[in-house]
Amino acid sequence: MPPGSSPKDEPVNQEQFERALLEIKAGKEDIRPSDVVIFSEPLRSTLNRAVRIGRISLTEFAKELEVERERAREIVELLIKRNLLRVSSFSNDKETFYETRLSAMTRPLGRPPSDIFKKLDD
Amino acid sequence: MSKIVSVHSFRGGTGKSNTTANLAALLAMGGARVGVVDTDIQSPGIHILFNLDESEMVHSLNDYLWGKCGIKDTAHDVTGHLGTQVKGQVFLIPSSIKAGEIARILREGYDVGLLNDGFRDVVTELGLDYLLIDTHPGLNEETLLSIAISDVLVVIMRPDQQDYQGTAVTVDVARKLDVPKMMMLVNKIPSAFDLDDVRARVEQTYKVKVIAALPHSDEMMTLASSGIFSLKYPDSIVTKGLKAVADEISG
Ligand SMILES: Nc1ncnc2c1ncn2[C@@H]1O[C@H](COP(=O)(O)OP(=O)(O)OP(=O)(O)O)[C@@H](O)[C@H]1O
Ligand SMILES: [Mg+2]
Chain H
1 MPPGSSPKDE
11 PVNQEQFERA
21 LLEIKAGKED
31 IRPSDVVIFS
41 EPLRSTLNRA
51 VRIGRISLTE
61 FAKELEVERE
71 RAREIVELLI
81 KRNLLRVSSF
91 SNDKETFYET
101 RLSAMTRPLG
111 RPPSDIFKKL
121 DD
Chain S
1 MSKIVSVHSF
11 RGGTGKSNTT
21 ANLAALLAMG
31 GARVGVVDTD
41 IQSPGIHILF
51 NLDESEMVHS
61 LNDYLWGKCG
71 IKDTAHDVTG
81 HLGTQVKGQV
91 FLIPSSIKAG
101 EIARILREGY
111 DVGLLNDGFR
121 DVVTELGLDY
131 LLIDTHPGLN
141 EETLLSIAIS
151 DVLVVIMRPD
161 QQDYQGTAVT
171 VDVARKLDVP
181 KMMMLVNKIP
191 SAFDLDDVRA
201 RVEQTYKVKV
211 IAALPHSDEM
221 MTLASSGIFS
231 LKYPDSIVTK
241 GLKAVADEIS
251 G
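The listed protein sequences derive, respectively, from chains H and S. Going by our numbering, the first sequence opens with residue 1, and the numbers climb by one from there. Going by our numbering, the second sequence opens with residue 1, and the numbers climb by one from there.
No wet-lab data here; the hints were simulated from the structure. Take the hints with a grain of salt, since some may be wrong.
Derived CB-CB ranges, DEER-like [to be verified]:
#, chain 1, residue 1, chain 2, residue 2, range
1, S, ASP194, H, GLU95, 55 to 61 Å
2, H, ALA26, S, GLY109, 33 to 39 Å
3, H, GLU77, S, ASP172, 29 to 35 Å
The C-beta atom is built at its ideal place from N, Cα and C for all residues, glycine as well.
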């Protein structure tokens, strides 16, 4: 079977696919740990596993999300845009691998009225 | 296979730092190479348990987050500070205790993703068997990230109504993050309580295995975080419980 093809007997789950797309499209910023917690299944557990291991292949991704390879690629593209995934240098003609990276800025504190930060800096 | 282990409690002062330091020492006594990261940037403290003086701190986690050095440069070999022969090694990654540096990181914030990269890199670069993460109490993105990349989560609580509710939140979130192994430690149990009874009740409430139910210990209070309890009191019931947790982590 040539890479990237979607044989007829591969499981397709339209509903899960569309829900995943909507959930990822709902935000624009980098995907934070608190975003993953509220994703629906099987997206949440797929991302959890990928984050813990640090990488995932397109084949595994499609299998875990129970969608065709081409649909998995659509989801992957969105996750790349939101900086959760990036294409790994281990990728080759047969397989694309992705590295995972959760992000999020901690919320900087506002300046207290006494400006204690400035005093501490001096 | 190396393991990342987060030690967390919803409320403060439950014994996270003491537990983390003791687990590190016990795992190292068994011959393991152990890293300990103080991610409690706003109120660091675990360096005290390892007797790491401010003057000995070359680089801190803050320096790494600001891009001033690599994560490996922040790791201090504190094996010699344990005061006992240990077969393995313990490396401590401290958070800065300079007021200005704590203020700066709170004021500017930092990218939690750098912790993600740093934890993985330090495990590889130092060839660690375990990386123990001492967390800030409560739930925030840093804590969620730590749990998300951990293989093991140790949740600590005291038998106190405020802890009961908060712990339920932590356990729930940990389940949503599919942490492969979650265990609990109930600490500072007043002498009026029956230890086995507390253990059974907590297990029933959270459906998580309680590996140790530890009494409030006067010796621990008196030691006041100035050293590693299990090395000073190897025969104490508290040490026995901590050993059980270390065994569960390595098993
Ligand atoms: N079983 C125990 N019996 C008596 N005192 C204990 C026990 N466990 C810990 N302590 C004491 O409780 C205090 C707080 O412990 P520790 O600093 O480890 O908690 P923590 O959860 O890390 O706190 P924080 O949330 O502030 O970081 C210390 O003084 C420690 O000696
Ligand atoms: Mg602490």
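How the hints compare with the structure:
no., hint, in the structure
1, S:ASP194 - H:GLU95: 55 to 61 Å, "holds, 57 Å"
2, H:ALA26 - S:GLY109: 33 to 39 Å, "violated, 23 Å"
3, H:GLU77 - S:ASP172: 29 to 35 Å, "holds, 32 Å"
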